[in-house]
Amino acid sequence: MPASPDSTVSPIRRALYALVLLALASAVFYALFSSVAYKWNWDGVWLYRQQFGYGWFTTMGLSLIAMIVSVALGFLLMLGRRSPWEPVRMFCGGVVELVRGSPLLVQLLIGHYIIANALRIDQPIFTGIILLGCFEGAYLAEIFRGAVESISASQLEAARAVGFNKVQTYRFVIIPQALRRALPGTTGQLVSLIKDSSLLSVIGIEELVQKVKIMNAATYKPLEGFLPLAVAYLIVTLPLSYLARRLERRFAYET
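Counting in this note's numbering, the sequence shown runs from 71 upward without gaps.
Hints in this document: simulated from the structure, not taken from any laboratory.
As the structure is a prediction and not an experimental result, all values here were calculated from the model.
For every residue, glycine included, the Cβ atom is placed at its ideal position computed from N, Cα and C.
A portion of the hints provided could be inaccurate.
Straight-line alpha carbon distances no greater than 27 Å define the calculated DSSO-like cross-link-like pairs of lysine-lysine that follow [stated by the list, open to error]:
1) Lys-265 x Lys-283
2) Lys-265 x Lys-291
3) Lys-109 x Lys-291
4) Lys-283 x Lys-109
Here are the computed distance ranges between Cβ atoms for each label pair [as the list claims (entries may be wrong)]:
5) Glu-219 x Arg-190: 35 to 43 Å
6) Arg-319 x Glu-219: 22 to 30 Å
7) Glu-219 x Ala-142: 17 to 25 Å
Sequences and hints are given; from them, build the entire structure.
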């Protein structure tokens with residue numbers, strides 16, 4: 071297998087590159103922020119630190135559960151779109167296109183204030199998790215379907231030749247190969263899920279962004295809360311991307 075670009079650069083050189091890029095980025099940001107005629111005051115951020123932490127943990131908990139829901143639903147929709155029964159394919163395809171073709175904000179408002187209200191569900195957190203998981207699951211279904219359909223027909227024929235049934239073919243042939251091919255897109259979608267959770271405030275969930283808005287309104291400082299907000303999201307999204315790269319190398323194989 072040809073070496074990946076990362077393996078051709080020594081760790082010391084990569085660290086130097088990272089330090090240089092960090093220094094350049096810091097200089098650019100410092101110049102931009104210095105050019106703004108704004109008096110920074112971080113007392114309000116410190117005063118509301120506990121609320122900020124509560125919002126962060128709420129966001130992470132909701133996102134984690136929604137990730138599980140989205141991956142499970144995405145896998146089921148992918149199987150449904152590859153079903154031998156036409157009604158199942160049409161239903162799953164319609165769900166995917168409907169969810170992907172409408173904004174998450176609209177889905178949250180309709181799902182919570184109309185559908186959940188009609189079903190007598192008065193739990194915004196439960197509703198938010200399901201709606202966020204369904205939204206991201208529709209995108210994951212297409213990522214999974216693309217990865218599965220990228221498996222060459224010769225491998226499927228080889229699986230049938232050795233006597234594998236459909237379940238065994240998926241378990242031993244398709245899924246192990248599709249997993250690696252789906253990892254980059256899946257990781258990007260899960261990162262997007264974490265950021266999309268900021269919209270849950272519209273149905274009354276006090277997650278991280280809503281806590282920052284409350285803090286900014288109480289302290290009359292519109293900008294101070296958003297810098298820690300960006301850092302709080304990066305604390306989660308950067309390790310998630312790094313983990314995906316490690317898993318991608320772990321499951322690497324020759325094709």
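Against the structure, the hints come out as follows:
In summary, the hint linking Lys-265 to Lys-283 is supported, as the alpha carbons are separated by about 16 Å, within the 27 Å threshold. A C-alpha spacing of about 23 Å is found between Lys-265 and Lys-291, which places the hinted pair at or below 27 Å, so the restraint holds. A distance of roughly 9 Å separates the Cα atoms of Lys-109 and Lys-291; the hinted pair therefore holds under the 27 Å criterion. This hinted pair checks out: Lys-283 and Lys-109 have alpha carbons roughly 19 Å apart, not beyond 27 Å.
The beta-carbon spacing between Glu-219 and Arg-190, approximately 41 Å, falls within the hinted interval of 35 to 43 Å. The given range of 22 to 30 Å is respected by Arg-319 and Glu-219, whose C-beta atoms sit roughly 24 Å from each other. Restraint check, Glu-219 to Ala-142: a C-beta distance of roughly 20 Å satisfies the suggested window 17 to 25 Å.
Violated hints: none; the structure is consistent with every hint.
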